[in-house]
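Chains as they are written, first to last, in the numbering used here: chain X, 27 to 293; chain C, 1378 to 1880.
Hints are computed from structural coordinates only; laboratory data are not their basis. Check each hint, because a few of them may be wrong.
Claimed, not checked - Distance ranges between label pairs, derived from CB positions: (1) X:ILE102 with C:SER1421: 35 to 43 Å; (2) C:ASP1395 with X:THR194: 18 to 26 Å; (3) X:GLY124 with C:GLN1512: 47 to 55 Å; (4) C:VAL1499 with X:TYR280: 50 to 58 Å; (5) C:VAL1499 with X:THR194: 19 to 27 Å.
Given the structure is predicted, the values throughout are model-derived calculations rather than measurements. Beta carbons are placed, not taken as given, at the ideal position from N, Cα and C, and that holds for glycine.
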Amino acid sequence: MVKKILAKTYVYFILFLMYLPIFLLIVFSFTDSDSVGVWNGFTFKLYGDLFKNKELMTAVGNTILIAFVSAIVSTIIGTLGAIGSYYSKKRTRKVIEGITQLPVVNAEIVMALSLAVLFVALGFSFSFFTLVIGHVVLTVAFVFLSVKPKLQQMDPNIYEAALDLGATPRVALYKVMLPEILPGIVSGFMLSLTLSLDDFIITQYLKDPSFETISTYIQKILAKHPVPPEVRALTTFIFLIAVLAVVVNNVSAYRHSKKINSMKEGK
Amino acid sequence: MEQQDYIIELRNVRKKFDDADDYVVENFNLKVKKGEFVTFLGPSGCGKTTTLRMIAGFDTPTEGEILLKGVDISKLPPYKRPINTVFQKYALFPTMNVFDNVAFGLKIKKVPVKVKKNGQEVVKMVHLTKDIIKQKVQKALEIVDLEQFETRDIQTLSGGQQQRVAIARAIVNEPEILLLDEPLGALDLKMRKEMQLELKEMHRKLGITFIYVTHDQEEALTMSDTIVVMSDGFIQQIGEPKQIYDEPANAFVADFIGESNIYSGTIFPDHKVKILNKLFPMVDDFPLHEKVDVVLRPEDIIISKPGEGTVDGVIKSKIFKGIHYQYVIMVGKNEVTAQSTLSLPVDEKVSISVTPENIHIMKRDATVNAYDGYITKNNKVCFAEYDWECDVTQILKGSSIDEDGYLVGPDHKKYDLTDAEVKVDVDLNKVMISDNVDECEVTGQIIQMVYKGDHYQYLVRNENDDFIVENEWTWNEGDIVGVTINKEDIKLKLKGDIKQYEL
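For reference, chain C alone in the conformation it holds in the complex (with noise of 0.2 Å):
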């Protein structure tokens, strides 16, 4: 019964295209209310799209569940499911005039009608009367106030035009669930804010579930009841959006949604975390000396005289933005971008502070790679789909390798270490990255990335690994890499006992 709460609910759900390796969405699990304005935000290429064309039947998941108010619709045709969808293109009929386009739908559509017939009543489809098909096609006009437009030519129309025809076209047919996919995308800046407003209220008198997909954070945040950031195929984070901005469940969320300033932070005691050489004190509670990222929004970063503040700095650079001043400060080798309406020279030196509820910690990901892999034959340790050089004595202390290749301990004992199972673990400023791809054995393709201050975090990925990378230098989200990792810097932990790789 739990399940009549939620309009729509996706399961597990994850999609794979057929000549593909990788998932495009994997995992996703959502549940969305009746009447509930949700907003997939995500880059290109993040699944987000994909995502929503699984709703509307043109895309079947490889995996999981869609269920429409409570029935497993993921096997269902388009056609046969209660949702429409407003395009990104719009996807209008070029042949037809505005009126032909918004009576699409109901010229299509058959409803059951009680008739006698020798006396008993049988249910029969029939298409709607021409009388009702005009009813609601001016009344869907009238909403997206073309009333006058019935007879024009789609050519004839303005961007903003056809875009109102699409959306005619889709409410017209009542759907349970209106799809959009970046439907301001090709507008202009002012008439794609005129048209979130209308869409907005739209939403409001229809009662219709909006499921909305955009890459604009504005946008979202502007709309949205609540909002899905994806990344990668994967959810990132659900929360309403005062939600997500303030309290972003990762370094890439706190990143994509609004201005931020990421550092990574160690924990100290007494509510105190390390961040730009200094200890800011904070609200959140987390174990102590636990790495962590941390978030400060430019507009929460008070600007004061030198000594005033927590730490101090210099004004780099200065922006006028209309209602503020965006500053660069330099905090040592680190820069923090500011806010402030106040007018500072460059090269000024400051001092910095930021409120204790200001300052958001967020767990991370991950505080190293971690991997799985074995010994080789020739003592290397074969992991991401690579032999790689590595020093295999630091598996037992004291021990040497002879020159048949085996391990000698320190009480003279041999082991024969062929593939033995070990843990790798590479601090993620010990991966090094470059752009001599075609000098290095192992390459991938910079998936993510997050300004840290004074260094990127990349997340680099070869065929089905990946690598978190530290490094100062700027690359480009899809870049390929060369990536190489120094013998010494690779530590290994053998799985086993090593009694059992004893000759």
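Next up, chain X with everything else stripped away, as it sits in the complex (with noise of 0.2 Å):
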């Protein structure tokens, strides 16, 4: 008994210190004062900075636009690319995977310095196109990965029996395999989309000097002044969405598995 209850004590204790500093800026976002610590009454003041800040609002539309536009790549190149792997011949398919593991954990500086290196060499000038580069190459081996085993699951008889119903393999492959799979191509997107939405070295390598997205623009902003209050908002709205698709998802997966359970059960 006392062991379970340390036990979760401990748990707790651990969630508690996660979340502390989440939590801090959370309650501080809803007071004026210039550093987290001093409160100066409630007020909903900062939220109404954060979208009078134009540079801010700029970076956070930017790294949004960049996140979206490297994920669609990324979600794209990466599913063809798993699909293409899983109908290769077995030495093919272990190449490839073992290629697409490498980017996962290699260390993000060594990508970000070769990219750069490469982009000079070949006479390009830093822009929104490299930075899509950069971001699309972070990802893709993500979306891979988060396609691959949903295709291993799949009972690869389903693809030869829509053919056999009729179906052109273009036919097949739409309504049959990407149905199958996308539960994979959305996580692998939206993977795509959180590692680009706060990815900073590969960023601050390979974007053209006056873009900046959120991670960016505060670090610019760190070498000479403190942090802006209205980051405080901001992070809060980050969050807020963060357990909003969590708990979306959460509630969807348990709706799902309610309806299959009721309906073997009850006939």
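Need the complex rebuilt from these two chains, each delivered in its own frame; the hints are there to steer you.
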């Protein structure tokens, strides 16, 4: 009994430590003091300031734009790559799978530096385009890795079954195979999105100097000034969106499993 | 015009996969009549599923033709063939409900419709209307007894129900031929028996040609009009169930279909065959002294009191099987499996006999291992991709080998036999196999095995060459064994005249 209580206390303590900084930021996003720890009374002022800070808003827009563009490109390339390697001969497949593991374990700084060197060598000037390439390189392996298990779980005969029922290979791909691996594609997309959203190193190395995302913008400010208080409001926003995404995901998964269980039992 | 009698015909079909050396299907010839229920029966790896996949269009034959109503379709992709498949593990689309699964083929299908355009009649390909699709799907679900299941998710169905959906999904397209790849393999015994009868009934009602693949001999006997027994890529026998059971073409078929006692026998005068060291009367006509395989079905063996039958034996074991007892009777060194409703104690002395009509004699595929080989420089013989130690002097009577390795005849003439082509014979019981794979230069895999009362007959394959081996020890199919042959057991016969090798 004591053991159980201790174990639970320990878990909650760790969780408390993990969420404490975020919690602090959220609490202090509702006061307009310059630094965390000083309470100037409750106000939504920071949220208003957030939307008035043009530079920060541009940075937010840029971050979202680059995240979506690179996630879409990554998802397409990664999914096609996973399907292609799944239907390759064993040796080819092993090679492709080995190569795609590398970016996952590789240090990001290595990737950023080598890409920067490559672009310079090729005579590219840093732009939105080079940034997209950088983010795609960063995230494409994760799409591949989240689609691959879905392909492996898929009954290999369903593609053949579709052909057998008169579907051309293209129709079979769209109507049967893609719906089947869609969960993997979606999670690959979400993963790309989040990786790209909070990426700093690759962005810093490959961006056009006048182009700022949230992380590079804050980094730039921090060089000369303290963190602008609106950032606390921004952080709260981002955190709430993340929480919402998790809740929606869990609820829909729960509903789905409940539906299947009730049908199996109730006939 | 003769072709039109057959809905599908396979001509000299062979199949080899890209990276393999061996053919998985060899020389497959089959004609199927419209409306027939044909079963491909064989152990796993015999090529039956590959043949089915070639008919469906998932694999293309390496050689040969597949004719559908006389037209070669072997290069046609699966979606252009009027053939539908029920897959072994159903392969239903998990993201769709029952209705959408069954309607899948109909929604894709386009049918020609005559429409008036600017006063002219033109044929247009159009999709089926929703109403027609709905009607057809409902009818198909009715046939498989799943009327109320249209909106159900696939995951919520039991194995048997999924099986039915898979059948409905195939038959709703009104195919010319329905292919079924071990469709009942995943069901439990009771359900399987029910589905067998239902499938048979469905076949009768629909009038579609069924091609069914199974490794279950009982299933094949119950359901089929025609059974194609396959082993090792080859067709072993094609025939009606009764014919295959009563008159198996060879020892493999006899062993695979039903329970059987198989013995090596020899033909004696006056319609007698010698098995179990006794002469048994028989009805078949076979040349005298021919070595044959003999099949006795357990239910045909008559057990009587000692001395009353053809040969005496002792009951070694007894198993209760419900309707009858199954006995193993030792006759000398041979085991005889027999069935009887009489209850007899173990160790009881009995006598057995078989009526002449129930003794089935089969021609033996091979009574000796025969190879084409040649003599190597150091007087070995090369066959089955190995240089075997042998006695070259048997080629010429009274000869010997001199110190230079030349063959010296009784008349002191010298012969250089290097590269001389020879016929090599090795008796079945002279090929030895063992588990010491590391110590043997030649190894092979056991492809087939048949129990023959007191020994097994194995087919051992090394690369491209086969050894037929008689051995009393038990191995399993698929085992890798080492192969050795004693020097004195290799019989050589020179193919040409010895004079051409004279020095």
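Status of each hint after checking the structure:
1. Take X:ILE102 and C:SER1421: their Cβ atoms lie about 40 Å apart, and the range 35 to 43 Å holds.
2. The hint said 18 to 26 Å for the Cβ distance between C:ASP1395 and X:THR194, and at roughly 24 Å that hint holds.
3. At roughly 53 Å, the beta carbons of X:GLY124 and C:GLN1512 sit within the given window of 47 to 55 Å.
4. At about 55 Å, the beta-carbon gap between C:VAL1499 and X:TYR280 stays in the expected band of 50 to 58 Å.
5. The given range of 19 to 27 Å is respected by C:VAL1499 and X:THR194, whose C-beta atoms sit roughly 24 Å from each other.
Figure legend: structure checked against the earlier numbered hints; every hint is met.
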